[in-house]
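Note that the protein sequences, when read in sequence, are chains A and B.
Position 394, counted from 1, in the first sequence is what my numbering calls 395; the numbers after and before it change by one each time, with no gaps.
Position 156, counted from 1, in the second sequence is what my numbering calls 176; the numbers after and before it change by one each time, with no gaps.
These aren't lab readings, by the way, just hints derived from the structure by calculation.
A hint or two may mislead.
For lysine-lysine, the following BS3-like pairs were computed, each having C-alpha atoms within a straight-line distance of at most 27 angstroms [as the list claims (entries may be wrong)]:
1) 182(A) x 163(B)
2) 174(B) x 155(A)
3) 182(A) x 231(B)
4) 574(A) x 49(B)
5) 571(A) x 174(B)
6) 75(B) x 574(A)
7) 518(A) x 37(B)
8) 17(A) x 163(B)
9) 415(A) x 32(B)
10) 182(A) x 219(B)
11) 118(B) x 528(A)
12) 384(A) x 118(B)
13) 399(A) x 384(A)
14) 25(B) x 528(A)
15) 231(B) x 415(A)
16) 174(B) x 378(A)
17) 25(B) x 186(A)
18) 375(A) x 219(B)
19) 254(A) x 650(A)
20) 163(B) x 537(A)
21) 15(A) x 49(B)
22) 25(B) x 312(A)
23) 528(A) x 37(B)
24) 22(A) x 219(B)
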Amino acid sequence: MSNLDSKIPAGPLKDKWSNHKDHMNLVSPNNRDKIDIIIVGTGLAGGSAAATLAEQGYNVKAFCYQDSPRRAHSIAAQGGINAAKNYQGDGDSTYRLFYDTIKGGDYRSREANVYRLAEVSANIIDQCVSQGVPFGRDYGGQLDNRSFGGVQVKRTFYAKGQTGQQLLLGAYSAMSRQIGKGRIKMYNRHEMMDLVIVDGKARGIIARNLVTGEIEKHSAHAVVIASGGYGNVYFLSTNAMGSNVSAAWKIHKKGAYFANPCYVQIHPTCIPVHGTQQSKLTLMSESLRNSGRIWVPKKIEDAIAIREGKKKAKDIPAEDRDYYLERRYPAFGNLVPRDVASRAAKERCDAGFGIENNDTKEGVFLDFSTEITKKGKETALEKNIHNPTDQQIYDLGKAWIEEKYGNLFVMYEKITADNPYVTPMKIYPAVHYTMGGIWVDYNLQSTIPGCFVIGEANFSDHGANRLGASALMQGLADGYFVLPYTIADYLSADIRTGAIPTDTAPFNEAAKDIQEKINFFLNNNGKYSVDHFHKKLGHIMWNKVGMARTPEGLKEAISEIEEVRKEFWKEVKVPGIADGMNSELEKAFRVADFLELGQLMAIDALNRNESCGGHFREDHATPEGEAERDDEHYKYVAAWQYEGPDINKEVMHKEDLVYENIEVKARSYK
Amino acid sequence: MSAKKSLNLTLKVWRQKNNKTKGQFEVYKISDVSTDSSFLEMLDILNENLINEGKEPVAFDHDCREGICGMCSLYINGRAHGPDTGITTCQLHMRMFKDGETITIEPWRSAAFPVIKDLVVDRSAFDRVMAAGGFISVNTSGKTTDANNILVPKEDADKAMDAAACIGCGACVATCKNGSAMLFVGAKVSQYALLPQGKIEAKRRVLNMVKAMDEEGFGNCSNTGACEVECPKGISLENIARMNREFFVASAESK
Numbered sequence: 002m003s004n005l006d007s008k009i010p011a012g013p014l015k016d017k018w019s020n021h022k023d024h025m026n027l028v029s030p031n032n033r034d035k036i037d038i039i040i041v042g043t044g045l046a047g048g049s050a051a052a053t054l055a056e057q058g059y060n061v062k063a064f065c066y067q068d069s070p071r072r073a074h075s076i077a078a079q080g081g082i083n084a085a086k087n088y089q090g091d092g093d094s095t096y097r098l099f100y101d102t103i104k105g106g107d108y109r110s111r112e113a114n115v116y117r118l119a120e121v122s123a124n125i126i127d128q129c130v131s132q133g134v135p136f137g138r139d140y141g142g143q144l145d146n147r148s149f150g151g152v153q154v155k156r157t158f159y160a161k162g163q164t165g166q167q168l169l170l171g172a173y174s175a176m177s178r179q180i181g182k183g184r185i186k187m188y189n190r191h192e193m194m195d196l197v198i199v200d201g202k203a204r205g206i207i208a209r210n211l212v213t214g215e216i217e218k219h220s221a222h223a224v225v226i227a228s229g230g231y232g233n234v235y236f237l238s239t240n241a242m243g244s245n246v247s248a249a250w251k252i253h254k255k256g257a258y259f260a261n262p263c264y265v266q267i268h269p270t271c272i273p274v275h276g277t278q279q280s281k282l283t284l285m286s287e288s289l290r291n292s293g294r295i296w297v298p299k300k301i302e303d304a305i306a307i308r309e310g311k312k313k314a315k316d317i318p319a320e321d322r323d324y325y326l327e328r329r330y331p332a333f334g335n336l337v338p339r340d341v342a343s344r345a346a347k348e349r350c351d352a353g354f355g356i357e358n359n360d361t362k363e364g365v366f367l368d369f370s371t372e373i374t375k376k377g378k379e380t381a382l383e384k385n386i387h388n389p390t391d392q393q394i395y396d397l398g399k400a401w402i403e404e405k406y407g408n409l410f411v412m413y414e415k416i417t418a419d420n421p422y423v424t425p426m427k428i429y430p431a432v433h434y435t436m437g438g439i440w441v442d443y444n445l446q447s448t449i450p451g452c453f454v455i456g457e458a459n460f461s462d463h464g465a466n467r468l469g470a471s472a473l474m475q476g477l478a479d480g481y482f483v484l485p486y487t488i489a490d491y492l493s494a495d496i497r498t499g500a501i502p503t504d505t506a507p508f509n510e511a512a513k514d515i516q517e518k519i520n521f522f523l524n525n526n527g528k529y530s531v532d533h534f535h536k537k538l539g540h541i542m543w544n545k546v547g548m549a550r551t552p553e554g555l556k557e558a559i560s561e562i563e564e565v566r567k568e569f570w571k572e573v574k575v576p577g578i579a580d581g582m583n584s585e586l587e588k589a590f591r592v593a594d595f596l597e598l599g600q601l602m603a604i605d606a607l608n609r610n611e612s613c614g615g616h617f618r619e620d621h622a623t624p625e626g627e628a629e630r631d632d633e634h635y636k637y638v639a640a641w642q643y644e645g646p647d648i649n650k651e652v653m654h655k656e657d658l659v660y661e662n663i664e665v666k667a668r669s670y671k
Numbered sequence: 021m022s023a024k025k026s027l028n029l030t031l032k033v034w035r036q037k038n039n040k041t042k043g044q045f046e047v048y049k050i051s052d053v054s055t056d057s058s059f060l061e062m063l064d065i066l067n068e069n070l071i072n073e074g075k076e077p078v079a080f081d082h083d084c085r086e087g088i089c090g091m092c093s094l095y096i097n098g099r100a101h102g103p104d105t106g107i108t109t110c111q112l113h114m115r116m117f118k119d120g121e122t123i124t125i126e127p128w129r130s131a132a133f134p135v136i137k138d139l140v141v142d143r144s145a146f147d148r149v150m151a152a153g154g155f156i157s158v159n160t161s162g163k164t165t166d167a168n169n170i171l172v173p174k175e176d177a178d179k180a181m182d183a184a185a186c187i188g189c190g191a192c193v194a195t196c197k198n199g200s201a202m203l204f205v206g207a208k209v210s211q212y213a214l215l216p217q218g219k220i221e222a223k224r225r226v227l228n229m230v231k232a233m234d235e236e237g238f239g240n241c242s243n244t245g246a247c248e249v250e251c252p253k254g255i256s257l258e259n260i261a262r263m264n265r266e267f268f269v270a271s272a273e274s275k
């Protein structure tokens, strides 16, 4: 029997959120400065929440590990943000965005949350434009849109290839305004080390000042976790080097359930691995699939010749190219959702058609030549150039591509020393985003009272696969427009509580515990660096808990991760000091948490005997290699409860997913 | 550019325990660095070696490693973000160096950016300038106006975007002989000055941001243009000119 209460409001889907808002308790303006709120993480979710709550009059303390809130990894999102504005008049609506998101998530997300997300999406664009976010525009001065994977409308707003950056800087500006007014106290270069619970409620955190090494106690009436996803459990991912699961994992260990940890998004268009010295992977925006065609050679001997450098992409005639996404999924073609595109790339490379000359021979072409010609001809027509030469067409087409994606092409060339205007890009899937996360109810509250979780750190909106340009949407929806309402309902009971003292047993014990762990690491004198263990873990995760999973592989992963963890605690070597900057010590704490999470991911993947979204089990596939869902047995959220150091003992709670407004069917993009 | 696939290098690295002690260069040898590796991956290898030798690794700032977060810095062979243009240090690749080369690595050097440790500096002065006026004073209620009610000519929107592309890395300050932050501040002032939404409080903004910039100890601009050359995002000097115009108009009117 489940003890999870999702607190979904009653009533028709389209009225749930407005009715709920109408009946929630409020904190009146004159009481708000009696209430402190801690926010951990300053990406789109944390930054927008901090700005909004401070503006409303609460005392906000915001924490980030970077040297400024403007650095959070939301900044790296390239392509865009979805919103159901229907500015293009191509059939978009709140319902359509809701439907696409549920279907894109392979019917594994919560209807009410997703509908609310679609409902507030339009407000995000209004808000951001008012804040001065320079979205792309058309010559008439109106906002432009592009299309993204898994949808058949143009609803994606963008700021060149730097949409995440511009939205984050918008939120950071809104934060800066409140920092200037003293409404937000900003703690840069601070890491949350633990959550403090007093009388069953989240009442503060222990943080480490990453410059001085000081262990600090911070109290509040509510704690908001907005610390992002856990993709770095794979060592190599598109996440920032410092991105980590620690804040989420620490609250998990204090009682917050962790939902669907096995749902990981492998993004199809990243620059392939160059070798063993690689530290991270770089994404090439999904927006490129608007203009690029993905292919590998049809003949295996051509693939070999390309890998050996004997042939180039241009030597392969059109009839010998296998545009495998267009072949397999004619309705969506190159714009199928990410999980589908990634698996299709893996299928071709496993069959020997990969074109990259690296250890694994994994890579496919993303080719812009068709689009360059098409746009070149269109532009020539617009400019009244009759009978343009091939060179003119190419130059005009190249200029068009440059305006749309210029910075991405430069980025690609800097990394690979290859010019993508001349030769197609080489790409391969890489770990990018995690749909799983801390279980939250409709109010975004975890199973710990007073501990809220927003953005990528929670599990709520993307089901088993997230659509492109929806992460930015969810982060800002949670932070600007959802949490500020729902947290007030909770805080309304705290107007007479007064400041929470920090010189109490729960704070002192938590701080002491952290101090002891620091001492342990610095005095362990092991044989290997933190990275040594992180790479080992990443290797297991990628090979056995990656794009294609088997029960045997997952069982092996569970015991292998346990072994690595044991070895880590015995043999890890952390140099440096406690009372100063020490990046190895920071990494040690993060990797210790990844080593526990990784095991839970494998356990969750083993439990879920079906394929859905980013979770693909080879033993649950159709003969054509498509994912086979099992709605009868697995239409639920798996929320795991921590039961002590043995991760195998975690207890699963089920939240059944009920679809009242959408027909659950096989997800097809054919 | 190097034709060889792997490099052996000598590194001269600035080491400084904290902001209370004096620093000095240390010399390290490093071998078998792939030319496909990034500069920061090369430093990862150095640090792995140092850890294995029982020494403290070199502290340096970095995060996204794809040239957008602005966290990485480094003065490499006398140039901010090293010997390539239009990139950050994390995007600098080892194929830019020759086998056997000696590479000198220093932190940003500027009065307004004190060293925290080794190659890590404190750039919080930028945050304080932003808090003084780097925003549009609109509440985050979502109840503003339909986005398409605010029309912006495409040329202005594009120029605003070019200015907004600043990543706040501080290369402009580090490379300027005066330690001036005019390009950073000019970019933010310009982004908002170019947009109708930002015009409403443009005067107040430019006065407050320039005042904060001066208080933080950034130097004056003497039009050498070094900042524009080293800016990884190609932020143009036009933004400084625009800020100056905005500033003169605003100061004249506030007198």
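Here's how the hints hold up against the structure:
1. 182(A) x 163(B): Status holds; Cα separation ~22 angstroms.
2. 174(B) x 155(A): Cα-Cα ~19 angstroms, so holds.
3. 182(A) x 231(B): holds, 16 angstroms
4. 574(A) x 49(B): holds, 22 angstroms
5. 571(A) x 174(B): violated, 60 angstroms
6. 75(B) x 574(A): holds, 11 angstroms
7. 518(A) x 37(B): holds, 23 angstroms
8. 17(A) x 163(B): holds, 19 angstroms
9. 415(A) x 32(B): holds, 25 angstroms
10. 182(A) x 219(B): Distance of about 21 angstroms is within 27 angstroms: holds.
11. 118(B) x 528(A): violated, 33 angstroms
12. 384(A) x 118(B): Between residue 384(A) and residue 118(B) the Cα gap is close to 47 angstroms, so the pair fails against 27 angstroms, i.e. violated.
13. 399(A) x 384(A): Given that 27 angstroms is the threshold and the Cα spacing comes to 15 angstroms, the pair holds.
14. 25(B) x 528(A): violated, 30 angstroms
15. 231(B) x 415(A): Distance of about 38 angstroms is beyond 27 angstroms: violated.
16. 174(B) x 378(A): holds, 23 angstroms
17. 25(B) x 186(A): violated, 49 angstroms
18. 375(A) x 219(B): Violated, because 40 angstroms separates the two Cα atoms, which is more than 27 angstroms.
19. 254(A) x 650(A): holds, 13 angstroms
20. 163(B) x 537(A): Measuring from Cα to Cα gives roughly 50 angstroms; hence the hint is violated.
21. 15(A) x 49(B): With Cα atoms ~65 angstroms apart, residue 15(A) and residue 49(B) exceed 27 angstroms; violated.
22. 25(B) x 312(A): Measuring from Cα to Cα gives roughly 21 angstroms; hence the hint holds.
23. 528(A) x 37(B): OK: residue 528(A) and residue 37(B) at ~25 angstroms, within 27 angstroms.
24. 22(A) x 219(B): violated, 34 angstroms
Hint compliance for this structure: hints 5, 11, 12, 14, 15, 17, 18, 20, 21, 24 are broken, all remaining hints hold.
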